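A.B. asks: Here is what each chain is made of, one letter per residue.
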Amino acid sequence: MATENYKLLKKESLPALFDKLTASGKTIYAPVKKGEKTEFDIVTKYSNDINDEYIQTVQSLKGTVFPKVEKLFDYKSDKVDTSIQEPDFSKFPQNVLWGLHPCDAAAFRPLDATFKWDYNDEYFLTRMKLTTVVGLSCSKHDDYCFCSSVDISPASGDGSDILLTKNKAGDYLVEIITEKGQEVYDMAKDLFGEISDDKESYITDVPKKFDLTELNKNLDGSFEAPYWLAQSMRCIGCGACAYVCPTCTCFDLQDEGAANKGSRIKCWDSCGFGHFTLHTSGHNPRETQSQRWRQRILHKFSYMPDRIKVFGCVGCGRCSRACPVDMNLSEHLIKIMEEPKHE
Amino acid sequence: MDKLRQKAKELLSNNEVQIVVGYEEGTAGKARPAFISSPDQADTLIYDERCIHNLAVYLTQHKLPNNTKIAIVASFPVMKSIITLASEKQLDENFINVIGISKDNNLIEFKDFADIERYINQQDLSFTPEEQALIDKIDAMSMEERWEYWQNEFSRCFKCYACRSACPMCYCTLCITDFNQPQWVSVPSHKLGNFEWHINRAMHLAGRCIGCDECSRACPLDLPINLLTKKLSMDIQKQFGYSAGQSLTEPYALSTYKPDDKETFIR
Amino acid sequence: MNEFEPKVVAFVCNWCTYAGADLTGTSRIKYAPNVKIIRFPCTGRIDFMLILKAFAKGADGIIISGCHPNDCHYTSGNFHAKRRWMVFRTMLDFLGVDVNRITFSWVSAAEGARWAEIVNTTVDGIKKLGPYDNYRKMVNEETEVNNG
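Residue numbers (my numbering), protein chains in the order written: chain V, 1106 to 1448; chain C, 31 to 297; chain A, 16 to 163.
Heads up, a few of these hints could be off.
Partner residues aside, some chain C positions facing chain V, computed with beta carbon under 7 Å [stated by the list, open to error]:
id: 1; residue: 187
id: 2; residue: 188
id: 3; residue: 208
id: 4; residue: 219
id: 5; residue: 220
id: 6; residue: 248
Derived from the structure by calculation, the hints contain no laboratory data.
On a predicted model such as this, the values are computed, not experimentally measured, just so you know.
Just so it is clear, CB atoms sit at the ideal spot from N, CA and C, and this is done for glycine as well.
Build out the structure end to end from the sequences listed, making use of the hints.
C.D. replies: Following this line, the structure appears as structure tokens:
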């Protein structure tokens, strides 16, 4: 419990801030109430429909830097020449992602690591460069949240350019974390004040469900374990978990058009689909759902940290909420920890 | 619930079945499908109004070794799915023990699939007023309004195929979406790809859907896609007098014809 | 004056309508040139996806035509097709697709004049409805789709 100095952004200043952001050419994504749920949507003005007390949305905002459908280029071919037309990268939108929780902000790190691990994905990196993240710490959580188990705090500014914490007056404590955050502040200095307050007192406590390092060690040698089959029995093999996940990056490349003109498109894919690893020969190295389930866990909690030094999960719980048959990820991980260790 | 657990214990102890597919407690007060393989697990089985997943989807998933005998807890929609699957020759009666649950939560012992068929036909099989109202609402819109409505809904879809995976009748090992010569359904989830997918799904389920609404429940984005198949079910019932899930032997509406099928639009 | 010339695609069966269209030609009956005819062995072979693909590729109108009931060269192909179209038409209408842009007909090999009449009536009708921009808008949308 410690009172510290923060910049202050009063709730009544939000409309003016949003107007300034929009006027400067930025597209704002904010969490908007939609019936019982809250989902991110593009807004041009601040409104009372924007929800700063939501626990989690169904979809993440990874689609702003890794769209569900992205045209890579157009091609044209006549009898003599073939030409390729890439998009105008200078026209990619400048986005402000407003009100992301710390888990979502932290998710950009594994995305970044994946899209840079052996090849710099210009599409992702350009969009990322044009994105400003205004994070919002968590005053609430539910049974599905497990950020603290993957070493992310609900008060963390990691991945955010500015971090907001709502205080008891309904205003926001502001922490400027990066240069991009500083730019937003500089653009609207008159809207910010100063305050001394106790940030920690507004943060919810997310009980730790398991130890990440232990889990990673436990997964070594788990390849032939018998529990993958039991865990995956009810999995129906859809792509809901991968698509709502803020860190999943599997994609498919499709050429659409005719021989003489068309385009190449990158679109989302999921390792949970039955044909994800189907070879042209007909052989499928992951032909059962238990193999695919095992791969999902090992990829996120074993292969990624071992190879690109970052875990593939931020504990947001979206996969578990979206799953039609309640494949609760943290529950499965806890069960794995309870199993006898394998050689 | 006790009778159900008792029954499951019996079946597993006598090795009449090796797996019982039912429901168990899930996260945040929800129920979820459960697979139990030993009598001492039987007490985890539950049955109440939260148990609405269509478990019949697991009957065609082939996750278990061949010759595994399964018992399946069957609510009314699950019973209809079983009859539809059986009429399409997808199930071997000798390996499936159906533990029926009536609308007032009593256990029903079925001897065989014909028994289930008889039971189904003793119940009220008409569409509920709520279902009719949902369809009527869309039918009442103008053509442009309907187009806008569905374009809007489809634009949200990201083709996770939860609808396909959750439906017991979508059991093709090579789905139409897996074909690329030709590419019948565009893969990316842009407007055209989504439109083509949902039409395909509805048409391939036309007359086979028993109206469990699992597709919409499974959809992480709450798209009302159960209305597409429901509309076609209603239409096929009206035009051809055929409904899925009610007969083991009557051929499926689109695999047969009557010379005097009446239409109003062919010149 | 630049009048809109619709693109109409006709899916026809080889044994009746295609032969009928041939008769239209040999009889020197003039009819609208807007139609591109695709020959099928039987209407029973026409997959509903082909109709969608035609719209996606630029058709403003569609004609589907085959043998009269009881005259199918393969006995029952057109009966199966009829049921399929009854259901598919309901589907399209439910989704807000303009089913007035699709003409279904039975045209026999002897009905050369009737084929011309069907094509002309269809083309006239599509001219009044205009190009099927709604469908094309769906196809040509910018494929950079942002989530959220």
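A.B. asks: Using Cβ atoms only, decide whether residue 248/C comes closer than 7 Å to chain V, and label the hint accordingly.
C.D. replies: holds (4 Å)
A.B. asks: Min Cβ distance, residue 187/C to chain V: is it shorter than 7 Å?
C.D. replies: At about 10 Å, which exceeds the 7 Å cut-off, the nearest Cβ of chain V leaves the hint on residue 187/C violated.
A.B. asks: Take the shortest C-beta to C-beta distance between residue 208/C and chain V; is it under 7 Å?
C.D. replies: Check passed: Cβ of residue 208/C comes within 6 Å of chain V, closer than 7 Å.
A.B. asks: Should the hint that residue 220/C touches chain V count as held when the rule is a Cβ pair under 7 Å?
C.D. replies: Check passed: Cβ of residue 220/C comes within 5 Å of chain V, closer than 7 Å.
A.B. asks: Hint check: is the beta carbon of residue 188/C less than 7 Å from a beta carbon of chain V?
C.D. replies: holds (5 Å)
A.B. asks: With 7 Å as the cut and Cβ atoms as the points, is residue 219/C at the interface with chain V?
C.D. replies: holds (5 Å)
Going through the hint list in order, the structure does not satisfy hint 1, though it satisfies all others.
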